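Engineer: What follows is the residue order along each chain.
Number of protein chains: 2
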Amino acid sequence: MSNTALNRTEAYRIPRNIVWHEGLITKLERWTLNGHRSALVWITGLSASGKSTIAVGLERLLHMKRVRSYILDGDNVRHGLNSNLGFSEEDRKENLRRVGEIAKLFVDAGILTIASFISPYEQDRDMIRSLFPADEFIEVYLDCDISVCEARDPKGFYEKARKGDIKNFTGISAPYEIPTRPEVIVNTAKMGVEACVEKIFSFIRAAEIC
Amino acid sequence: MSNTALNRTEAYRIPRNIVWHEGLITKLERWTLNGHRSALVWITGLSASGKSTIAVGLERLLHMKRVRSYILDGDNVRHGLNSNLGFSEEDRKENLRRVGEIAKLFVDAGILTIASFISPYEQDRDMIRSLFPADEFIEVYLDCDISVCEARDPKGFYEKARKGDIKNFTGISAPYEIPTRPEVIVNTAKMGVEACVEKIFSFIRAAEIC
Chain E
1 MSNTALNRTE
11 AYRIPRNIVW
21 HEGLITKLER
31 WTLNGHRSAL
41 VWITGLSASG
51 KSTIAVGLER
61 LLHMKRVRSY
71 ILDGDNVRHG
81 LNSNLGFSEE
91 DRKENLRRVG
101 EIAKLFVDAG
111 ILTIASFISP
121 YEQDRDMIRS
131 LFPADEFIEV
141 YLDCDISVCE
151 ARDPKGFYEK
161 ARKGDIKNFT
171 GISAPYEIPT
181 RPEVIVNTAK
191 MGVEACVEKI
201 FSFIRAAEIC
Chain W
1 MSNTALNRTE
11 AYRIPRNIVW
21 HEGLITKLER
31 WTLNGHRSAL
41 VWITGLSASG
51 KSTIAVGLER
61 LLHMKRVRSY
71 ILDGDNVRHG
81 LNSNLGFSEE
91 DRKENLRRVG
101 EIAKLFVDAG
111 ILTIASFISP
121 YEQDRDMIRS
131 LFPADEFIEV
141 YLDCDISVCE
151 ARDPKGFYEK
161 ARKGDIKNFT
171 GISAPYEIPT
181 RPEVIVNTAK
191 MGVEACVEKI
201 FSFIRAAEIC
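Protein chains in written order, with the numbering used here: chain E, 1 to 210; chain W, 1 to 210.
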């Protein structure tokens, strides 16, 4: 944590002589306890652009730096909270709305939250951005040419989409709107995982979140 | 943290000489970083039985003990994540299902989570219990005679329910199923707030969560 960030939170140090308080614990009190601030890192990009890999690498690096972080992605959200949602346009929108609202609770709880979703529409991403103060939302665009994603195709989705077996597949039969003002862009076709993670972490550090 | 709890987590200390790891951070790694375990404290009881007051007091005490905790209740869940749910039987069930799923994510993230909901049906509470290992779910029943709750009636709900202006009001025109196997019972009619909070905290401490 830089000195400036420390000074920010120092002002909110818990008084040690007070035994009983009224009222909810504030986000600032949580930041003080943790020794770092919280925010939402929103990772957007095509299927197979490396979202999960980057998210896991970033979480691992943050943990090593003693920063409390947590990943929200299709694996833990779609199978639990959003198990009653399908993949219609309406359900996808509701999926992202709920993720935004959970992320808000996580950030309020003092966790540096990492959300990893294709989230192809700027409107949806901006809806989530609007839930947060400007310095608590970091949009990370994984810039990776679709030809590279398609060559990787670890789950065979692109092949199925080309055959028409999957409808409305982002990049093939449905649009991906490139972010117009992401806080961080990493090119996962040209840079290694560690370099991508380091670039995102550098932004987080420069923003004095930790 | 007791010695036993410390020993439990000591076994999972992060190796300091390893620079790059694969895979998600585990709950055990989070516990080690925080110096305490996580669980869900589920507070159930009639309207005006003191759920919010106890939840806030417990969170405040835990924070003073440097335990990361967070409250999920109607205030932060109904207005955000579940703003698209009403109060029909189906929507109440879905409300609690979503709360259970979010709580699961919070506990996985290492947060000692406090949920405060009337949750009148044993079936719903047991559904939530089933989402957790036995030692990560603590049901707290606020035992408070309805006459006391009705005399308090801070929001005027009981009066409206008696007049029939609110339908299906728990305790008046809808059942409240008393928990048959809660981990903790506190009588908020006979005990003060601090004593209730201390009793719950003692259980948490004895369970070696912190």
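Everything labelled a hint here was simulated from the structure, so no lab data went into it.
Mixed in with the good hints there might be a few duds.
As the list makes no split between identical chains, a pair holds if one copy fits it or if it spans any two.
Stated by the list, open to error - Dumping the calculated SDA-like pairs for lysine to any residue here, alpha-carbon to alpha-carbon at most 25 Å:
1) 199 to 24
2) 199 to 79
3) 65 to 31
4) 27 to 52
5) 93 to 104
6) 93 to 195
7) 167 to 190
8) 155 to 132
9) 160 to 178
10) 27 to 127
11) 104 to 60
12) 190 to 166
13) 167 to 208
14) 93 to 83
15) 190 to 23
16) 190 to 97
17) 65 to 152
18) 163 to 205
19) 190 to 83
20) 167 to 23
21) 104 to 92
22) 104 to 53
23) 163 to 60
24) 27 to 79
25) 104 to 172
26) 190 to 88
Owing to the predicted nature of the structure, the values given are computational and were not obtained by experimental measurement.
Engineer: Indicate which option fits the pair residue 199, residue 79 if close means a Cα-Cα distance not exceeding 25 Å: within, between, both or neither.
Structural biologist: Answer is neither; intra-copy 31 Å and inter-copy 36 Å both fail.
Engineer: How would you label the pair residue 27, residue 79 (within, between, both, or neither) given a Cα cut-off of 25 Å?
Structural biologist: Close across copies (18 Å), not inside one copy (29 Å); limit 25 Å.
Engineer: Which holds for residue 65 with residue 152 at a C-alpha limit of 25 Å: within a copy, between copies, both or neither?
Structural biologist: This pair counts as neither: shortest intra-copy Cα distance 31 Å, inter-copy 48 Å.
Engineer: Go through the copies and call it for residue 104 and residue 172: within, between, both or neither, with a Cα cutoff of 25 Å.
Structural biologist: Classified as neither: same-chain Cα gap 32 Å, cross-chain 35 Å, threshold 25 Å.
Engineer: Are the CA atoms of residue 27 and residue 127 at most 25 Å apart within a copy, between copies, both, or neither?
Structural biologist: For residue 27 and residue 127, only the intra-copy Cα distance (22 Å) is at most 25 Å; the inter-copy one is 30 Å.
Engineer: At most 25 Å between C-alpha atoms: does residue 167 with residue 208 qualify within a copy, between copies, both, or neither?
Structural biologist: Answer is neither; intra-copy 42 Å and inter-copy 51 Å both fail.
Engineer: Can you tell me if residue 104 and residue 53 fall within 25 Å by alpha carbon in one copy, between copies, both or neither?
Structural biologist: both (23 Å within a copy, 23 Å between copies)
Engineer: Using 25 Å as the alpha carbon limit, work out where residue 167 and residue 190 are close: within a copy, between copies, both or neither.
Structural biologist: neither (29 Å within a copy, 62 Å between copies)
Engineer: When no copy is specified for residue 104 and residue 60, does a C-alpha distance of 25 Å or less occur within a copy, between copies, both, or neither?
Structural biologist: Both: 21 Å inside a chain and 21 Å across chains, each within 25 Å.
Engineer: Are the CA atoms of residue 93 and residue 83 at most 25 Å apart within a copy, between copies, both, or neither?
Structural biologist: Both: 14 Å inside a chain and 15 Å across chains, each within 25 Å.
Engineer: Within, between, both or neither: how does the pair residue 190, residue 83 come out at a Cα-Cα threshold of 25 Å?
Structural biologist: neither (35 Å within a copy, 42 Å between copies)
Engineer: Between copies, within a copy, both or neither: which fits residue 93 and residue 104 at Cα up to 25 Å?
Structural biologist: For residue 93 and residue 104, the Cα distance is within 25 Å both inside one copy (17 Å) and across copies (23 Å).
In the structure shown, a violation is registered for the earlier hints numbered 2, 6, 7, 8, 12, 13, 16, 17, 18, 19, 20, 23, 25 and 26, in ascending order.
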